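A.B. asks: Residue strings, one per chain:
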Amino acid sequence: MISLYFDPGLGAMIIQTIIAAVAGVILFSKNLMHKIKLFLGISKANKDDVFDDIEIKDSDIENNNSSER
Amino acid sequence: MNAKNAHSSSFRDPSGYVFIEDGDIKRVVNPVYFKQYQALKESGFYCELFKNEILIPHKELSNTDKEIIIKAEKIPFVTYPYEWSFNMYKEAALLTLKLQKYSLEHGFSLKDASAFNITFYKGKAIFMDTLSFDFYIDNSPWRAYKQFITHFFGPLLLAHYHGANQLKLLSNFIDGIPVKMLSSMLPFKTKLNPLLYTNIHLLAKLEDKHNEDYKGETKEATLSKKGQLNIIESLYSYIKNLELKEKSEWGNYYNKTNYTDDAFIKKSRIINSWVNTISPKSLIDIGGNDGTFVRKLDRAIETALVCDIDNNAVDFNHKTMKMNKEQYMLPLVLDVLNPSAAIGLNNSERDSFLNRIKAFAPDVTLALAVIHHMSLSGNVPFSQSAKFFGSFSKYLIIEFPKRSDSWVQRLLNNKVDFRDYFEFYNIENFKKCYLEYFNILDEVSIFDSHRVLFLMEKKC
Chain A
1 MISLYFDPGL GAMIIQTIIA AVAGVILFSK NLMHKIKLFL GISKANKDDV FDDIEIKDSD
61 IENNNSSER
Chain B
1001 MNAKNAHSSS FRDPSGYVFI EDGDIKRVVN PVYFKQYQAL KESGFYCELF KNEILIPHKE
1061 LSNTDKEIII KAEKIPFVTY PYEWSFNMYK EAALLTLKLQ KYSLEHGFSL KDASAFNITF
1121 YKGKAIFMDT LSFDFYIDNS PWRAYKQFIT HFFGPLLLAH YHGANQLKLL SNFIDGIPVK
1181 MLSSMLPFKT KLNPLLYTNI HLLAKLEDKH NEDYKGETKE ATLSKKGQLN IIESLYSYIK
1241 NLELKEKSEW GNYYNKTNYT DDAFIKKSRI INSWVNTISP KSLIDIGGND GTFVRKLDRA
1301 IETALVCDID NNAVDFNHKT MKMNKEQYML PLVLDVLNPS AAIGLNNSER DSFLNRIKAF
1361 APDVTLALAV IHHMSLSGNV PFSQSAKFFG SFSKYLIIEF PKRSDSWVQR LLNNKVDFRD
1421 YFEFYNIENF KKCYLEYFNI LDEVSIFDSH RVLFLMEKKC
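Here the protein sequences come in this chain order: A and B.
Once you know that position 4 of the first sequence is 4 in my numbering, the rest is easy, because the numbers rise by one and skip nothing.
Once you know that position 256 of the second sequence is 1256 in my numbering, the rest is easy, because the numbers rise by one and skip nothing.
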C-alpha cells in the first residue's frame, strides 16, 4: 500500500471509471467530427497556437545518462 | 527526519524535503523514495524531462544510503498560482496533464497535482517538484485527480464563468477550491455538459456520499490505463479551448493617454539611456501593462518582472512572450495596493510578494504611469508610496503626471467634493517625500505631455 501524504478523496477514485467512460465518448465523437470535417474539406484554420498539444517528444535515449547532468 | 533548515513550504512529502544552502536550492531524497529515484534516473525519464524543459533540472551532489542530495537549477523569482493570469494558469494546467500522460506512458504517475508544483521560468511553465513521481500501478486510478480538479480545472472554470479575479481564490484555498463549492458556484448549464457534469458536479455528489458513509474501509477502485488517458486527454482538450469572456478597460491603453507618438518615443528614449547607464541584470516594471516598455529597452535584461493589476494586460504579455519565445520575461498579476500575503502553515509556507521581491533585489524598478493611480485612486500619501518603493528598489525610474495631465484631471474630478483633500498632489510634494528615501539623479519633462520622468537611487 503506497503511503500518501494527502487524502485523494475516496469518491474521486471511484468515480474515475465513470468519468473515463464519458471522456471516451467525448474523445470518440470529437475525433469523428474532425475526420468528417477533413473529409468534407471544412477544417478550422489553426489560430495562432499559444498552447501546443499534449505530446512530449521522446528523443532517442542513449544509454549513458547517469553521469551526464 | 532530520530537517536541516527545511524550507518552510517543504514538509508534507515523506519522500524528501527542500532546503536552502548558500543561496542554492537543494533537495534531500529519503530512503523511502530511493527506488523511485533510481528508476527515474536510470530509465532516462528525468533526462527527457530536462531536455524538453518540463522539469527543473538538477544535479546529484551526494549519494549515501541514508540520503541523496540533489541541487536544483535556481529559479530567480517564483510566482505563485494566485499571481498568474488566466492563460498562465491554463498553461500550468496543461503542463500538469501533459506530464501525467507522459509519466503514464513510461510507467510512472504523478503523486500530486498541486498548482504550487509549477512556476514560470525562461518564458514557460515548468514543473518544480522532482519527487512528485511514483510508480504507476496497473489499473489504478489517478490519485492526484481530485487535486487536479480543485487546483486547476475548478479555478479555470470559475474564471471562465465569473472573471479572472476568481483565480485569486487560491490564496485563501491553499489546497484547492473544494469541489462542493465549485459545484455550487458554476451556472446550471454546466450540469448539461457531460464533461463538466462528471468532473465537477458528480464528483461533488459522490464526495458528500462517501464522507457520510466513512467506516474506515478502503474500497479499491480500478481504472484501466486507457481510461485514465481518456480522462486526461478530454480535460486537456477542453482546457485548451477555455477562454475568458471579459474585456478590460486597459485594452487600448496607449490610445487613451494624452501622448502624441512623439512623446511616447521620447519617453522610451529617456528610459533607454538611463537603463543603459545603469546596466541592470534584473528589472521589475510595476504597472507594466503588456510589457511594451520593457520590450523597447535596448539592453538585454536577464530577468524582467512585468506586473500589472489587469489580467488581460498580463495575458497579452504572456501571449507575446510565447509567440516571441522570450526567456527573460516574467509576467505577473499584481495589485500594488494589496500584494500577495504570506500564507499557509505559520504564515510562511508561501512567502509574501514583498519578501520575494526584496530577496530578488531588482537592479531597476520602473514605475511608469502608476503613481497617480496609487495616490489618487488608492489614496496613498507620497510618503507611503516612497516607503514602498524604497523597500526593494535600488534604482527607481518613476513617471510623475502633473496636475494638468488629463488622467490626473479625470481622477480628481471623480473625487467630487473630496477634491480639495488632494491638494497635496503636486510635483513639489512628490519630490520632497521621495527625497526621504531616494536621491534624485535626473529629472526630465516629457515633451508634449504633462508628465515628468525621474531617475532615483536609493539612499544607503
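Calculated from the structure, these hints are not laboratory results.
Don't take each hint at face value.
What the hints assert, rightly or not - Far from chain B, by Cβ distances over 12 Å, these chain A residues were calculated:
{"#": "1", "residue": "ILE15"}
{"#": "2", "residue": "LYS35"}
{"#": "3", "residue": "LYS37"}
{"#": "4", "residue": "ILE42"}
As the list claims (entries may be wrong) - Which bits of chain B does chain A cover? Going by a derived footprint, with three or more residues having C-beta under 8 Å, they are:
{"#": "5", "segment": "1357–1364"}
{"#": "6", "segment": "1399–1408"}
As the list claims (entries may be wrong) - SDA-like cross-link-like pairs, simulated, lysine to any residue; straight-line CA separation at most 25 Å:
{"#": "7", "chain 1": "B", "residue 1": "LYS1394", "chain 2": "A", "residue 2": "ASP53"}
{"#": "8", "chain 1": "A", "residue 1": "LYS30", "chain 2": "B", "residue 2": "LYS1180"}
{"#": "9", "chain 1": "B", "residue 1": "LYS1168", "chain 2": "A", "residue 2": "LYS30"}
{"#": "10", "chain 1": "B", "residue 1": "LYS1322", "chain 2": "A", "residue 2": "ASP53"}
{"#": "11", "chain 1": "B", "residue 1": "LYS1180", "chain 2": "A", "residue 2": "ILE36"}
Computed from a predicted model, the values in this text were never measured in an experiment.
Virtual Cβ for every residue (Gly too), placed ideally from N, Cα, C.
A.B. asks: Next, verify each hint and record whether it holds.
C.D. replies: Here is what the structure says about each hint:
1. Remark: the non-interface label on ILE15 (chain A) conflicts with the geometry, its nearest Cβ contact in chain B lying 5 Å away (cut-off 12 Å).
2. Non-interface status of LYS35 (chain A) relative to chain B is upheld: no Cβ of that chain comes within 12 Å, the nearest being about 15 Å off.
3. For LYS37 (chain A), the non-interface assignment is confirmed: its Cβ lies about 15 Å from the closest Cβ of chain B, beyond the 12 Å cut-off.
4. The non-interface label for ILE42 (chain A) is consistent with chain B: the shortest C-beta to C-beta separation is roughly 18 Å, beyond 12 Å.
5. Chain A is given as covering the segment 1357–1364 of chain B, and this is violated because 0 residues of the stretch bring a CB closer than 8 Å to a CB of that chain, at least three being needed.
6. With 0 residues bearing a CB less than 8 Å from a CB of chain A, the segment 1399–1408 of chain B misses the requirement of three and the coverage assertion fails.
7. With a C-alpha separation of about 42 Å, the suggested pair LYS1394 (chain B) and ASP53 (chain A) falls outside the 25 Å cut-off, and the hint is violated.
8. This hinted pair does not check out: LYS30 (chain A) and LYS1180 (chain B) have alpha carbons roughly 29 Å apart, beyond 25 Å.
9. Proximity of LYS1168 (chain B) to LYS30 (chain A) is assessed by CA-CA distance (about 33 Å); at most 25 Å being required, the pair is judged violated.
10. With a C-alpha separation of about 15 Å, the suggested pair LYS1322 (chain B) and ASP53 (chain A) falls inside the 25 Å cut-off, and the hint holds.
11. The straight-line distance between the Cα atoms of LYS1180 (chain B) and ILE36 (chain A) is roughly 38 Å, outside the 25 Å bound, and the hint therefore fails.
Hint compliance for this structure: hints 1, 5, 6, 7, 8, 9, 11 are broken, all remaining hints hold.
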